[in-house]
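Colleague: Mind assembling these two chains? They're in different frames, but the hints should get you there.
Chains as they are written, first to last, in this note's numbering: chain A, 1 to 169; chain B, 1 to 197.
No lab work stands behind these hints: they were computed from the structure.
Any given hint could be a false lead.
Where chain A lies over chain B, by a calculated footprint (3+ residues, C-beta under 8 Å) [stated by the list, open to error]:
| hint | segment |
| --- | --- |
| 1 | 28-35 |
| 2 | 39-52 |
| 3 | 56-67 |
| 4 | 72-83 |
| 5 | 88-99 |
| 6 | 160-167 |
| 7 | 179-189 |
Model, not experiment: these values are computed from the prediction.
Just so it is clear, CB atoms sit at the ideal spot from N, CA and C, and this is done for glycine as well.
What follows is each chain in one-letter form.
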Amino acid sequence: MTDHDHERAIDLIARQGVEDVSTPDLTWLESHVALCPECAGYAEDFGRTGQLLRSVAITASPALVMTTQARLRARALYLQEQRSRLVLIAISFCIGAMSSALSAWLWWRFGGWVAQHVGLPTAIVEPGILLFLLLPAIVIAGLLLAFPRPVFEGALLSGLAREREGEIR
Amino acid sequence: MIATAFSLLVPMETEEAQIARGLRRRDPDLLDALIEQYQHRLMRYLLHLTGNRAVAEDLFQETWLRVLEKGHLYDGRNRFVTWLMSIGHNVAIDHLRKRNLSSLDEMKDPEDGTPFEPPASGPSPFDLASAQQQQEKFQEALAQVAPIFREVLVLRFQEQMKLEEIAQLIRIPVSTVKTRIYRGVQALRPALKGGAQ
Chain A
1 MTDHDHERAI
11 DLIARQGVED
21 VSTPDLTWLE
31 SHVALCPECA
41 GYAEDFGRTG
51 QLLRSVAITA
61 SPALVMTTQA
71 RLRARALYLQ
81 EQRSRLVLIA
91 ISFCIGAMSS
101 ALSAWLWWRF
111 GGWVAQHVGL
121 PTAIVEPGIL
131 LFLLLPAIVI
141 AGLLLAFPRP
151 VFEGALLSGL
161 AREREGEIR
Chain B
1 MIATAFSLLV
11 PMETEEAQIA
21 RGLRRRDPDL
31 LDALIEQYQH
41 RLMRYLLHLT
51 GNRAVAEDLF
61 QETWLRVLEK
71 GHLYDGRNRF
81 VTWLMSIGHN
91 VAIDHLRKRN
101 LSSLDEMKDP
111 EDGTPFEPPA
121 SGPSPFDLAS
131 AQQQQEKFQE
141 ALAQVAPIFR
151 EVLVLRFQEQ
161 MKLEEIAQLI
171 RIPVSTVKTR
181 IYRGVQALRP
191 ALKGGAQ
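For reference, chain B alone in the conformation it holds in the complex (with noise of 0.2 Å):
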């Protein structure tokens, strides 16, 4: 009874927060199950971002030690996976500048212009060989798109965030968000009506 009166006058602390908490006190634990968890997210955005997987693995690298040191800034009022993707976009920013690249768009695949190096998925080939023509097809548009339309596009397909939270990691307003995301589905369109023929 008094544990029931207890629990409810005492909120449960949310995940944010228990992060939040974790990463002041930067808890290794915390951080290698935070690593586990998020880490396919991560990496999908910087290799999206970045259009180079080596680029794209230091980068990972060097967002989790900022994670690491930056720690104590996180509030755990929004949820990490946005606050931890602009600490990604912020590192490869950094980067940019480093290599004297005056915009994302100068940041493609030194070698070969091929941006994107995904491995092939799917149970069976035999089954999915049409759709993995189709979705070859669609890489390769892609990689041709900007990718400042590239970087919100994967934020909301595939990270499935809100505009809002795309806006606030990127920091740029909303309705900027939206235009990004119509150009660069317009930009996606031949690839599109070709992969539909």
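This is chain A alone, in the form it adopts within the complex (with noise of 0.2 Å):
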């Protein structure tokens, strides 16, 4: 006996009973553990670790499964809002976004109408106006990159935490 042998016995054992062993695998494994001992005192272990640990009972209390279930409802519903919300955002961004390119392109027209009657040059008076138009979303973008956590953590972030402790509790 080889221990190429040793090891196809000890992988069909591992594998008997749950997977399907060929007829000639299941006649090779049984002369084989009818000559080899030590593969026989390994089957014969195996086949008792099997069973004793089949009888092992062990469930699950029906309390445990309750609180899960609610625990699990609970965070679908969490998480159905959210992506709701997230869906909102998307489309209020969306308008927004339209929204702002269509107003910016009549300012800019009207800009240039203005100009035209003031006796301006209109490469100074259109981007002017568009410019005036942006000045507080770019200062408050300026504001958000040069201190990004004071304006946020006092409210918005702190608030945020307070609305999921209370939908947690």
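Modeller: Written out as structure tokens, the structure is:
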């Protein structure tokens, strides 16, 4: 008997009962086990281990199952709401972006019209009006970039955290 | 006739495919049914893995929460139970990392070191008295076996999983699964011999 025979026997013992083992393989295993006390011992221990392990009765308590189901339902609802919010935010963003582009174009045209009537160069008035309109947004964006935490930490993030805690309770 | 032809053309949706579709939709009724169906198997696996009922119960809930959140990743090609157990396995590993333990071997009951609390079972305690004694001895021995070996033994014998499924679940080669089963059985040999006497 070679090491390969023992390895093959151990492999077949491990697969037997759960996986489809061919009849020639089973016949070979039986003949090998009959001749090899080491593999015969392993096959016996293997069978006994399975028998004892299967007889261990472990169950999840009904209370645990009910709690888990309730938590899952609450979480599913929360995720569903979150997804709905994200969709709304995405739609709002798209509408905002489109209306901003449209109004920018209108203000640009208005700047050109004003420049024509006042007699100023359009190359200065058109971007000037647009810049004036965008100035608040640029200032806020600059502040957020410069002080990202203090602006949000106090109000928005802690508010969200409180809201979430409330949901969990 | 038309209905028969249609049913032949359109293949029947497998149970796994139905589960995958339900998980993508985060269907609460489906999740309730899955918890009912797999509660004992998951609990048994986690309890054997952690050796602590309180921890196993926490991980049980955490596993199902993760199933809800990661449900869209289940494609229905493999058995659901294998995917569920792999989620449970990952949750247990994450729990270890949070506790700053380096391996599954360190996951033991902090209170008394006796990991298992399975309820005594059987129709007649009188008939099962000696068997129960042996069972207790076996469980004590099982508790001493390293969790990495215990895990594969549970998956192989209690969950009746194929070696390839276990390998896929734990992300180890099939040869390692076989070695772990072999070493696990060897480690239990004294208890098995003792019980036979």
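Colleague: Does each hint fit the structure? Answer for all of them.
Modeller: Going down the list of hints, with the structure as the test:
1. 28-35: holds (count 4)
2. 39-52: Coverage by chain A holds here, the residue count being 7 at a Cβ distance below 8 Å.
3. 56-67: holds (count 5)
4. 72-83: As far as the segment 72-83 of chain B goes, the hint is violated, because 0 residues have Cβ atoms under 8 Å from chain A.
5. 88-99: violated (count 0)
6. 160-167: holds (count 4)
7. 179-189: holds (count 7)
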